[in-house]
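Novice: So the sequence shown is residues 1 to 321, counted in the working numbering.
A couple of the hints might just be wrong.
[Said to hold, decoys possible] Calculated pairs, DSS-like style, for lysine-lysine (alpha carbon to alpha carbon, straight line, at most 30 Å): (1) K186 <-> K6; (2) K175 <-> K97; (3) K165 <-> K37; (4) K277 <-> K318; (5) K141 <-> K77; (6) K175 <-> K165; (7) K141 <-> K185; (8) K318 <-> K165; (9) K292 <-> K277.
These are computed hints drawn from the structure, not numbers from a lab.
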Amino acid sequence: MSTQEKLLTLLLEHPTEYLSGERLGQELGVSRTAIWKAVQALKAAGYQLETKAHQGYRYQSADILSAPVIRQDLAPKLAQIPLNIFPQLPSTNQTAKKAAADNVTTPQIFIADQQTAGYGRYGRNFVSPEQKGIYMSLLLKPAHPLTDVGLLTTAVATAVFRAIKATTGITVDIKWVNDLYYQDKKICGILSEAITDFESQQISHLVIGIGLNFATTPLIPAELQNKVGALFQGQPLITRNQLIGAIITQFFDLYQTYPDGDFLNEYRAHSLLIGRKVTLQQGQQRITGTVKTINDTGELVLTTIAGEQVFGSGEVTKVHF
1 MSTQEKLLTL LLEHPTEYLS GERLGQELGV SRTAIWKAVQ ALKAAGYQLE TKAHQGYRYQ
61 SADILSAPVI RQDLAPKLAQ IPLNIFPQLP STNQTAKKAA ADNVTTPQIF IADQQTAGYG
121 RYGRNFVSPE QKGIYMSLLL KPAHPLTDVG LLTTAVATAV FRAIKATTGI TVDIKWVNDL
181 YYQDKKICGI LSEAITDFES QQISHLVIGI GLNFATTPLI PAELQNKVGA LFQGQPLITR
241 NQLIGAIITQ FFDLYQTYPD GDFLNEYRAH SLLIGRKVTL QQGQQRITGT VKTINDTGEL
301 VLTTIAGEQV FGSGEVTKVH F
């Protein structure tokens, strides 16, 4: 850990105090000159550090993606999880998949302030401007064969739902399988990608990408502005760091027990679809029906003219309000 990171961590541990250069130097085992240089470097990077004569330095909250700041909101058991933060990436999912190919230690988190080639389901472009969103991927190595994929995808959506609720008080809606909506507009998409071992033909790694529109941006294409929204229209109530920390914590809480499906009642309670007529696209087939429920394995249950049908995959392309 660099002197800058150690300094930032120390200031975060004393949010209401001014810490003198002398004390910081003693704590970190460096000179006061080194502390001054680290402070200037942090300020140049955009961190808001308050300086007060004869008292020292104090951290002020800022929305710059930062591993030490995110760690402040992680559960103790996650304190050592690798957080890889980049100013810009083509795609966090692609970076995570490359790391899997290189056999890095898992789990790991990859986060970017901006994506230049972000994508969602079916390779659709995902606009990812800097400082406006949360673009993160979780790289996992499943300990057991993935037999409950439907439960895992619904669990991820529930984890993000819980994180938003816990940090902001905002209740969002969940559109099967794992899109989140707020004020009738999509604000978050989740893309899970499996990596298969060539020799065993078993899933060796799992990459879960989360793209969340945190604050409004004029960069959303005009044709999508009636469909795509953001968690915050004005000044955000929290920082992206806080929400990222909450998402990571909520995800790993659920990841341990998701096969039991205990979270599904919560998922159903906030479903955007249950009781509504929808059109589902599955391959070249389009099916219209009324959503009866989400069953205990995370599948969509539709009442159609052909009777009750159950779908484990597909995309709801239209909701008939």
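Novice: With a cut-off of 30 Å on the C-alpha distance, tell me whether K318 and K165 pass.
Specialist: holds (26 Å)
Novice: Between K141 and K77, does the CA-CA distance stay at or below 30 Å?
Specialist: The hint holds at about 18 Å.
Novice: Between the alpha carbons of K277 and K318, is the straight-line distance 30 Å or under?
Specialist: Judged against 30 Å, a Cα distance of about 9 Å means the pair holds.
Novice: Hey, K186 versus K6, does the alpha-carbon distance stay inside 30 Å?
Specialist: violated (38 Å)
Novice: Has the given pair, K141 with K185, been kept, meaning a C-alpha gap of at most 30 Å?
Specialist: violated (33 Å)
Novice: Does K37 sit within 30 Å of K165, going by the straight-line distance between their CA atoms?
Specialist: Violated, at roughly 39 Å.
Novice: Please work out if K292 and K277 have their alpha carbons no farther apart than 30 Å.
Specialist: holds (9 Å)
Novice: Are the Cα positions of K175 and K97 separated by 30 Å at most?
Specialist: holds (26 Å)
Novice: K175 and K165: Cα distance at most 30 Å?
Specialist: Holds - the C-alpha atoms of K165 and K175 are around 16 Å apart, at most 30 Å.
In summary, the numbered hints that this structure violates are 1, 3, 7.
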